[in-house]
Amino acid sequence: MPISPDLLSEMRVLAMYDLSTTQQGIKVHHDADQEVISATDRLFEKGLVSQKDGGYLTGLGRDAALHVHDLMTILTTS
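Read left to right, the sequence shown gives residues 884 to 961 (the numbering used here).
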């Protein structure tokens, strides 16, 4: 399965979340890169984040973000 630019952008947004707490979300401002704004909107439509501009991870979003963080750790560890 090829990784599309949209999917890669969504993974980048999920990687922005701090998984050490459920009390911290993110806010994507209107002047952010359009790629980030669109990715965050798609994550909201998929039910992974609580707001169109980020907010908090949902349960499913937290699971997805954990996998993204784990993959990044695996691929960057020598």
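Please keep in mind that the hints were generated in silico from the structure rather than gathered at the bench. Where hints are given, some of them may not hold.
[Claimed, not checked] Ranges between beta-carbon positions, derived for each pair:
1. 957 <-> 903: 33 to 43 angstroms
2. 928 <-> 961: 20 to 30 angstroms
3. 928 <-> 950: 33 to 43 angstroms
4. 890 <-> 957: 26 to 36 angstroms
5. 942 <-> 895: 34 to 44 angstroms
6. 961 <-> 935: 35 to 45 angstroms
7. 961 <-> 913: 22 to 32 angstroms
8. 884 <-> 914: 11 to 21 angstroms
9. 914 <-> 953: 13 to 23 angstroms
10. 930 <-> 961: 28 to 38 angstroms
11. 895 <-> 933: 31 to 41 angstroms
12. 961 <-> 933: 10 to 20 angstroms
13. 918 <-> 954: 15 to 25 angstroms
14. 885 <-> 955: 27 to 37 angstroms
We treat Cβ as the ideally placed atom computed from N, Cα and C, and that holds for glycine.
Do the hints match the structure? See the list:
Taking the beta carbon of each, residue 957 and residue 903 are about 19 angstroms apart, not inside 33 to 43 angstroms as hinted. As the Cβ distance of residue 928 to residue 961 is approximately 37 angstroms, the hint placing it in 20 to 30 angstroms is violated. The supplied range of 33 to 43 angstroms is broken by residue 928 and residue 950, whose beta-carbon atoms lie about 19 angstroms from each other. Checked against the hint of 26 to 36 angstroms, the C-beta distance between residue 890 and residue 957 comes to roughly 18 angstroms, which is inconsistent with it.
As the Cβ distance of residue 942 to residue 895 is approximately 21 angstroms, the hint placing it in 34 to 44 angstroms is violated. Roughly 39 angstroms separates the CB atoms of residue 961 and residue 935, a value that falls within the hinted 35 to 45 angstroms. Between residue 961 and residue 913, the C-beta spacing of about 40 angstroms breaks the proposed range 22 to 32 angstroms. A hinted range of 11 to 21 angstroms is violated for the C-beta pair residue 884 and residue 914, which are about 33 angstroms apart.
Distance hint for residue 914 and residue 953: a CB-CB separation of about 31 angstroms, inconsistent with the stated range 13 to 23 angstroms. Checked against the given bound of 28 to 38 angstroms, the beta carbons of residue 930 and residue 961, roughly 36 angstroms apart, stay inside it. For residue 895 and residue 933, the hinted distance range of 31 to 41 angstroms is not satisfied, since their beta carbons lie about 18 angstroms from each other. The hinted window of 10 to 20 angstroms between residue 961 and residue 933 is violated, with their beta carbons roughly 36 angstroms apart.
For the pair residue 918 and residue 954, the supplied restraint of 15 to 25 angstroms holds, since their beta-carbon distance comes to about 20 angstroms. As the Cβ distance of residue 885 to residue 955 is approximately 19 angstroms, the hint placing it in 27 to 37 angstroms is violated.
Checked against the numbered hints given earlier, the structure breaks hints 1, 2, 3, 4, 5, 7, 8, 9, 11, 12, 14 and satisfies all the rest.
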